[in-house]
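Colleague: All chains should be modelled from the sequences, with the hints used to inform the complete structure.
Keeping their order, the protein sequence lines are chains U and V.
Going by full-length UniProt numbering, the first residue of the first sequence is number 1, and it counts up by one from there.
Going by full-length UniProt numbering, the first residue of the second sequence is number 1, and it counts up by one from there.
Source of the hints: derived by calculation from the structure; they are not laboratory data.
Beta carbons: idealized from backbone N, C-alpha and C, even for Gly.
Careful: at least some of the hints might be erroneous.
Derived DSSO-like pairs (lysine-lysine); straight-line CA-CA distance at most 30 Å [stated by the list, open to error]:
id, chain 1, residue 1, chain 2, residue 2
1, V, K113, U, K80
2, V, K106, U, K80
3, V, K80, U, K113
Not the full set, but computed from the structure, chain U residues with beta-carbon under 8 Å of chain V [as the list claims (entries may be wrong)]:
id, residue
4, G28
5, A32
6, R58
7, Y111
Each chain, written out:
Protein chains: 2
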Amino acid sequence: MAEAASPAFAALPSPPFYAAIFSSLRNGDDEAGYQAAAARMLELAARQPGFLGVESARGADRFGITVSYWESEAAIADWKRHAEHAAVRAHGRGHWYDHFELRVAKVERAYGKSASR
Amino acid sequence: MAEAASPAFAALPSPPFYAAIFSSLRNGDDEAGYQAAAARMLELAARQPGFLGVESARGADRFGITVSYWESEAAIADWKRHAEHAAVRAHGRGHWYDHFELRVAKVERAYGKSASR
Chain U
1 MAEAASPAFA ALPSPPFYAA IFSSLRNGDD EAGYQAAAAR MLELAARQPG
51 FLGVESARGA DRFGITVSYW ESEAAIADWK RHAEHAAVRA HGRGHWYDHF
101 ELRVAKVERA YGKSASR
Chain V
1 MAEAASPAFA ALPSPPFYAA IFSSLRNGDD EAGYQAAAAR MLELAARQPG
51 FLGVESARGA DRFGITVSYW ESEAAIADWK RHAEHAAVRA HGRGHWYDHF
101 ELRVAKVERA YGKSASR
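Modeller: This is the structure:
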């Protein structure tokens with residue numbers, strides 16, 4: 001496992017593992033509610049069996065990508081069924097996003113590099 | 001293929017296909033050079049056989065995620081070998097990033113949703 005260069009990077013084991021790639025366009029409404037829910041979901045996800053890590057970025061155009069990493073597809077399915085997560089997802093679909101896409105993928109290869117210092 | 005809700009979303013076929021998940025921390029140097037190279041790489045990638053689309057987000061913290069989508073692993077390998085792309089990658093490793101990670105993954109499932117209007 002490579003040491004993460006910044007807290008923004010997930011420190012992941014060697015592949016294979018799974019990725020849930022969530023891309024979304026925020027509608028700009030209820031930023032405080034959205035931020036609180038996002039922090040809570042991260043806290044809950046990190047406690048789920050099989051959670052490996054998460055990386056997230058959102059630009060000023062409100063388009064964002066969050067990739068969460070998991071040991072298995074079963075771990076993603078369990079997280080999807082988590083009751084509080086399901087309730088927040090249902091709320092989010094109606095209140096926070098103009099559009100979103102979720103892609104579930106099996107990570108087969110990985111490499112990384114830090115700048116020489 | 002779902003119609004994209006915004007140009008920020010890639011309009012992708014049904015899985016399976018492949019994803020190159022590139023996460024990076026910009027060092028903040030040479031923003032003009034970086035932007036020009038990123039635009040040029042997007043233009044070149046879009047001409048590559050097997051290119052399906054790309055999504056990208058970078059926050060004010062300089063951490064970004066770009067996910068490019070491809071028909072096959074071979075298409076990703078061909079893009080990696082593209083001479084101009086290889087030269088720009090080599091330059092970028094030394095000049096634009098504090099750190100980056102690349103994960104290559106097979107997308108197995110996908111779904112999306114737009115807000116009701």
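Colleague: Against this structure, judge whether each hint is valid.
Modeller: Now for the hints, and whether the structure bears them out:
| no. | hint | result |
| --- | --- | --- |
| 1 | V:K113 <-> U:K80 | holds (16 Å) |
| 2 | V:K106 <-> U:K80 | holds (20 Å) |
| 3 | V:K80 <-> U:K113 | holds (16 Å) |
| 4 | G28 | violated (12 Å) |
| 5 | A32 | violated (18 Å) |
| 6 | R58 | holds (6 Å) |
| 7 | Y111 | holds (6 Å) |
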